[in-house]
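Turn these sequences into a full structure, and let the hints steer you where they fit.
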Amino acid sequence: MVDVPYDARADAPPAEVPEVELYHPRSWWTQYVFSQDAKVIAIQYSLTASAIGLVALVLSWLMRLQLGFPGTFSFIDASQYLQFITMHGMIMVIYLLTALFLGGFGNYLIPLMVGARDMVFPYVNMLSYWIYLLAVLVLASTFFVPGGPTGAGWTLYPPQAVLSGTPGQDWGIVLMLVSLILFIIGFTMGGLNYVVTVLQARTRGMTLMRMPLTVWGIFTATVMALLAFPALFVASVMMLFDRLLGTSFFMPALVEMGQQMKYGGGSPILFQHLFWFFGHPEVYIVALPAFGIVSDLISTHARKNIFGYRMMVWAIVGIGALSFVVWAHHMYVSGMHPKFGFFFATTTLIIAIPTAIKVYNWVLTLWRGDIHLTVPMLFALGFIITFVNGGLTGLFLGNVVVDVPLSDTMFVVAHFHMVMGVAPIMVVLGAIYHWYPKVTGRMLDDWMGKFHFWVTFLGAYLIFFPMHYIGLLGVPRRYHDIGEAAFIPSSTHTLNAFITVMALIVGFAQMVFLFNLVWSLFKGRPSGGNPWRATTLEWQTPETPPGHGNWGKELPVVYRWAYDYSVPGAAQDFIPQNQPRATPAVQGAAP
Amino acid sequence: MAVALILLLVAVGSVLFHIYSPWWWTPIATNWSYIDHTISITFWITGAVFFAVIAFMAYCVFRFHHKEGRRAAYNPENKKLEWWLTIGTAVGVGAMLAPGLFVWHQFVTVPADATEIEVMGQQWQWSFRLPGKDGRMGTTNVRNISPENPMGLNRDDPNGQDDVVIESGDLHLPIGKPVKVLLRSLDVLHNFYVPEFRAKMDMVPGMVTYFWMTPIRTGTFDVLCAELCGVAHAQMRAKVIVQEEGEYHAWLETQKTFAELSGRNAVTKATYKSGGK
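As you go down the protein sequences, you meet chains V and R in turn.
Letter 525 of the first sequence, counting from 1, is numbered 525 in the working numbering, and no numbers are missing.
Letter 268 of the second sequence, counting from 1, is numbered 1268 in the working numbering, and no numbers are missing.
Accuracy of the hints is not assured; some may be wrong.
Once the Cα atoms are required to be at most 30 Å apart in a straight line, the calculated DSSO-like pairs of lysine-lysine come out as [stated by the list, open to error]: (1) R:1180 - R:1133; (2) V:339 - R:1177; (3) R:1067 - V:450; (4) V:523 - R:1067; (5) R:1180 - V:339; (6) R:1177 - R:1067.
Simulated from the structure, these hints should not be mistaken for lab results.
This is how it looks when you write it as structure tokens:
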């Protein structure tokens, strides 16, 4: 038991800002389309991200068909394969996961969980979504322009990305860079909102150390994104200049297909530093919201306070800070100065320590809990397994000399899909099952949910776990066809075919999920306001779904932390954050 | 309890797959068995942690899943336990990092007696260059590149005249001699990748990168490109043939030097100096 002395003033310190005036919608258009309500914006973000995410899912099937059965599908050639992997990666990392966690979950949950009426700058928040939508449309348009989308790989490494040996050199790469620039502009508007709202608009009593870990995760990830995305912004602008104006930021003197080019003096490695200065924090921009959300899922569905809350907060903040000094572990074999390897391997392995603490605290929360195996809890368990697996293989790739044989092989593909593909998606799905009742007032169907979980979790594990061993064998990534190589046994092709079949099955399970989302909207069991009997504020709203302004006449006042589950002596196994303490003298709960 | 059992099966199945997997690293052909040892250490430590965490989780699900009347314990923190876990993790991380950095130090310290050779990548083929009798390679410049001088050697550099230039052929190496492989690219990033060598490095236009190794067994090995370099990335292949020293020298004798290939004489030199090609 943590021993924190009771402080009467800490129960309800003064609100930090007076009540904001909200722009109430006057028509259908301003209510559902050009809405300034963070909850509507959240749904717009989520639907847009999911739509473009489905495109990326279909691309992954096409890639897997080619890898599993090379030469069978005449409509997939080497160029298209490269275009598929590029668009799949870029969409999944940025346009789906980043947008969904921050724009989707961030918008919906931050104001509700900290007891605010809305984001602090609702109009800017609306602009953020519309610019994001524009970025998505520009990205999607590359499928229809001459030459198609760029096939430079999602890392867009120059000089290759802007030269003619790569598909999409005409329009694809230009529009990709424009789309990224737009995304960053849009994100910055939203991101400023999330940060300021958390810092300035918390309700009375919601101290920082009483915030649910979901808010901590999204908040820290947003701060990181605001610091990391400018590096990508700069890199994108410079590469656009190299491509359109013939500048040489990243282009050295070179000979392309026998022709001397006019470039000279630029540095391809500079781009890689800029890209990964963004790209590595990006991994945690996706992971930290997932860490936060899964903590709350586990705590709620195990009816137990999250173990080691303060350590969890400091681990989130520590991981966020450390993640800015590990970026060059993506570049061990890039040709950068070899001495960098010592520094970046050390920082990278140090980051494993706070990350491991989080894992321990999740499983220790289960210990002596009252574990309800609901669909959100199942997804949380699936997350722990896939995240532990993917995190541990990160120790291979982070340890510089071990990375040398494994880099650029399928081991890397398996690793990052497990750790930042499957694991965060497990959290996204678990979170949708968890919060869908608050958004719609209805429960998602349980049977379809369990089917969806088991097929997705076991299927994804069977896809990516064996894939590590293809990489250990030495098969490089980004090969549309491995072709003839003496070191590759024929059994590898069988395994590749198996992985492809599993990928199609997992894809099918997502269709069941989509059906569930639509079906339950009309036919789902009414949920009531707090179906999971959870403590956090979003479950205590006067209406479900919450109306504009969230709280009716009066803002809630917070008296306790977010994790008062199964408090000894309490009548119920949860005490909402806004329930006053019976008598101030009783040491009922941690802060 | 089905859920707990499935979770446990995932952990057990992963370990069994690891043990019986027919897909494993290729038999090593260089001195970098240290790297394989470091990977083995990492497998042992991470494997133990993976199994312990998942098995513990499965046990929790088995033992503490909801039953009528069960109530969870209330214990927000346990400072002692948290510190022990932190220290234990730090020790495990150190046990992987220390050998890793030790081997990395060897990896980046090129022995003084290593022979320099050069590999050049371009879309989508490999070229190789070996020093001639003088044991030194001539300087190059990408601006010198032309159909007659595909590797861009400086025609005026005396060190380069006896360099052995192999365009779109295979690379031969003698067994047991350390080599420093200098890596160059004409156009985009490439990566000289021979799985059996373990070592690999990107080739970056505008700079020269390197790694070193000592071949320890003879044989013919596939060269692949490991850094995406455009449409024909997957077809950018060559072979490295590691031979006994005698065979190697016999092969070397049959190769053409830069001077022979470029048909260097006073006329071409004069043309070059006056700015022609």
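A quick look at each hint next to the structure:
1. Our distance criterion of 30 Å between C-alpha atoms is met by residue 1180 (chain R) and residue 1133 (chain R), whose separation comes to about 17 Å.
2. Between residue 339 (chain V) and residue 1177 (chain R), the direct Cα distance comes to roughly 25 Å. Compliance with the 30 Å bound is thereby established for this hinted pair.
3. For the hint pairing residue 1067 (chain R) with residue 450 (chain V), the CA-to-CA distance comes to about 19 Å; that is within 30 Å, so the pair holds.
4. Between residue 523 (chain V) and residue 1067 (chain R), the direct Cα distance comes to roughly 29 Å. Compliance with the 30 Å bound is thereby established for this hinted pair.
5. A hinted pair counts as satisfied when its Cα atoms are at most 30 Å apart, and residue 1180 (chain R) with residue 339 (chain V) qualifies at roughly 17 Å.
6. Only pairs whose Cα atoms come within 30 Å are accepted, and residue 1177 (chain R) paired with residue 1067 (chain R) is rejected, the gap being roughly 69 Å.
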